[in-house]
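Please model the entire structure based on the sequences and the hints provided.
Each chain, written out:
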Amino acid sequence: MIKFDQVTKRYPGSDEVLKNVNLHIEAGEFVFVTGHSGAGKSTLLKLIAAIERPTSGTVLIANQNVSQLKSSAIPFLRRRFGLIFQDHKLLYDRNCFENVILPLRINGVSGNEAAKRVRAALDKVGLLHKEKAMPITLSGGEQQRLAIARAVVSRPSILIADEPTGNLDASYAADIMAIFYAFNQVGVTVIMATHDALGMSATQNRVLHLDQGKLTQHTPTLTDPKQDIGQSESNIEKIAS
Amino acid sequence: MSHWLNHQLQAIKLVLSRMRANLLSSFMICLVVGVAMCLPSLFYIGVDHLSKLTDHMQNETEISLFLKLDVSHDTISEIDALLAKNPAIKQYHLVTKDEAWQQLQEKSKSSPAVSDAINQLGKNPLPDAFFIQAKSVAPDDLASLKASLQSIPGVEQALLNTDWAKRLATLITLSKKLILFITILLAIVLLVIIGNTVRMQILTQQDEIEVSYLIGATSSFIRTPFLYAGILYGLFGGLFAVLMILGITQIFNYSITDLSNLYSSDFRLTLFNGSLFLAVISAAILIGWLGSYLAVTHAITSITQLQKMVFHD
Chain A
1 MIKFDQVTKR
11 YPGSDEVLKN
21 VNLHIEAGEF
31 VFVTGHSGAG
41 KSTLLKLIAA
51 IERPTSGTVL
61 IANQNVSQLK
71 SSAIPFLRRR
81 FGLIFQDHKL
91 LYDRNCFENV
101 ILPLRINGVS
111 GNEAAKRVRA
121 ALDKVGLLHK
131 EKAMPITLSG
141 GEQQRLAIAR
151 AVVSRPSILI
161 ADEPTGNLDA
171 SYAADIMAIF
181 YAFNQVGVTV
191 IMATHDALGM
201 SATQNRVLHL
211 DQGKLTQHTP
221 TLTDPKQDIG
231 QSESNIEKIA
241 S
Chain B
1001 MSHWLNHQLQ
1011 AIKLVLSRMR
1021 ANLLSSFMIC
1031 LVVGVAMCLP
1041 SLFYIGVDHL
1051 SKLTDHMQNE
1061 TEISLFLKLD
1071 VSHDTISEID
1081 ALLAKNPAIK
1091 QYHLVTKDEA
1101 WQQLQEKSKS
1111 SPAVSDAINQ
1121 LGKNPLPDAF
1131 FIQAKSVAPD
1141 DLASLKASLQ
1151 SIPGVEQALL
1161 NTDWAKRLAT
1171 LITLSKKLIL
1181 FITILLAIVL
1191 LVIIGNTVRM
1201 QILTQQDEIE
1211 VSYLIGATSS
1221 FIRTPFLYAG
1231 ILYGLFGGLF
1241 AVLMILGITQ
1251 IFNYSITDLS
1261 NLYSSDFRLT
1271 LFNGSLFLAV
1281 ISAAILIGWL
1291 GSYLAVTHAI
1301 TSITQLQKMV
1311 FHD
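Quick mapping for you: the protein sequence lines, in order, are chains A and B. If you count by the numbering used here, then the first sequence holds residues 1 to 241, one letter each, in order. If you count by the numbering used here, then the second sequence holds residues 1001 to 1313, one letter each, in order.
What the hints contain is simulated information worked out from the structure, not anything from laboratory work. Do not take every clue at face value.
As the list claims (entries may be wrong) - With beta-carbon atoms standing in for the labels, derived distance ranges:
no. : chain 1 : residue 1 : chain 2 : residue 2 : range
1   : B       : Gln-1010  : A       : Tyr-11    : 33 to 43 angstroms
2   : A       : Thr-55    : B       : Val-1035  : 51 to 61 angstroms
3   : A       : His-36    : B       : Leu-1016  : 47 to 57 angstroms
4   : B       : Leu-1278  : A       : Leu-69    : 43 to 53 angstroms
5   : A       : Gly-187   : B       : Gln-1010  : 24 to 34 angstroms
6   : A       : Ala-73    : B       : Gln-1010  : 14 to 24 angstroms
7   : A       : Ser-139   : B       : Val-1035  : 30 to 40 angstroms
8   : B       : Leu-1016  : A       : Glu-113   : 22 to 32 angstroms
9   : A       : Ser-139   : B       : Leu-1016  : 27 to 37 angstroms
10  : A       : Thr-55    : B       : Ser-1219  : 49 to 59 angstroms
Note that the Cβ used here is the ideal one computed from N, Cα and C, for glycine as well.
Dropping the structure here:
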């Protein structure tokens, strides 16, 4: 699904933000991207979402080489993704319904079909009763859920989330994580950047750890003694393959 | 195709609803476009009609040949014979000084002040004169005929009545040039105004544009509503301009009718000038489109740079 081969990224006037990164994310995986501030998490996500292009190496997304893709083809590639941002990027001049319908407009879906899908997406994140509410009246957790609804309304196969629980307190964060797991259960690939070690230590998901631009840890977290050994083995197999 | 059409319709609907939401400012912009389009059009109408009028007048050309005050009857007969032989002359007639004097006195009877002044002159100051109509109305032919007549002995002065018409025609050519430049300058002003308006709209919708890009909107998807905004400003502005032109020519026509009645002419301003209206509206639409195109292209470049800051390290 997503394959990085010897990917290096350097911005003009800066050092290499990513160095020789190799990775392979299969369809249906749930992957965490961790690392300190400045480790290159956001650059990795930008490369996956085709917002940036690699300086060298190849990024393959659904067998398409992003470096060789024409600029005019990028928007169509991006429609395969649902993007969720730390600061939500909601539009505060319109209500929840209008926020969620935006990707459908871009995809050319309109009328009853669009309304039906918007309500289905709002329902999945538990905001169906707030469709007429303005985003500013929602709590932080609700705003993030609204952002998720917008990301999933066009039924993308890959969800990319940048610290979706970063600004939320624990109970809200758990809600959000549950929603992501639910999507992953139905086959959506989830790639989530986080620096919240606690949030993922209890999970059995693969972790891509970035340290100063290098992908140093490519295994499930073994620091947690409660970790299920069988699950970590299966993850190692996945990495090996 | 239907997807494309659907997209266009949605964009137009979106723009119209935005315009309705900001009704007053949209109205103002259209009004500005209307006034700016109306001004050169009115100049054009004025000059166009003046030039038609002078063309008409130049066809009624006449050379007036004033003789010296002391010419004898023999000289007059000699000149008469010369004129009769001249092949360039269509027809001519003589008005003697006595006839002219009588005509003047007849005409001045209605105004006592003038007739008093004439009576005080005592003796007749008027010369004998021939009024000549040439066969050709071409300005060059007329000028050479005038020169040849001027050289006849006993002639004081040959006057070509088209002189002033020619001067007017030159002035009109000058005015047409002036209108061209005024039009170009106003078009630039409109381009800037519409471009700036669209730029402001883009700024207020920057978040939406940024998010739309991130979730896979194409540049044309982003650009289309703004292009339609420019086109609609042009269209409504052009319609305003047409309405203003109609109103103003109608008001002018009242006075012009009075004036041309005095000259027993049926001269009027043409009220409905279809090709002019079409030109005004299409020029306004073109300017609107171009202004918004420039603004949106410039803005999109900067927003696509900005959207790369989307994920935080």
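Check: Which of the numbered hints are not met once you compare them with the structure shown?
Finding: When the structure is compared with the hints, numbers 7, 10 turn out to be violated.
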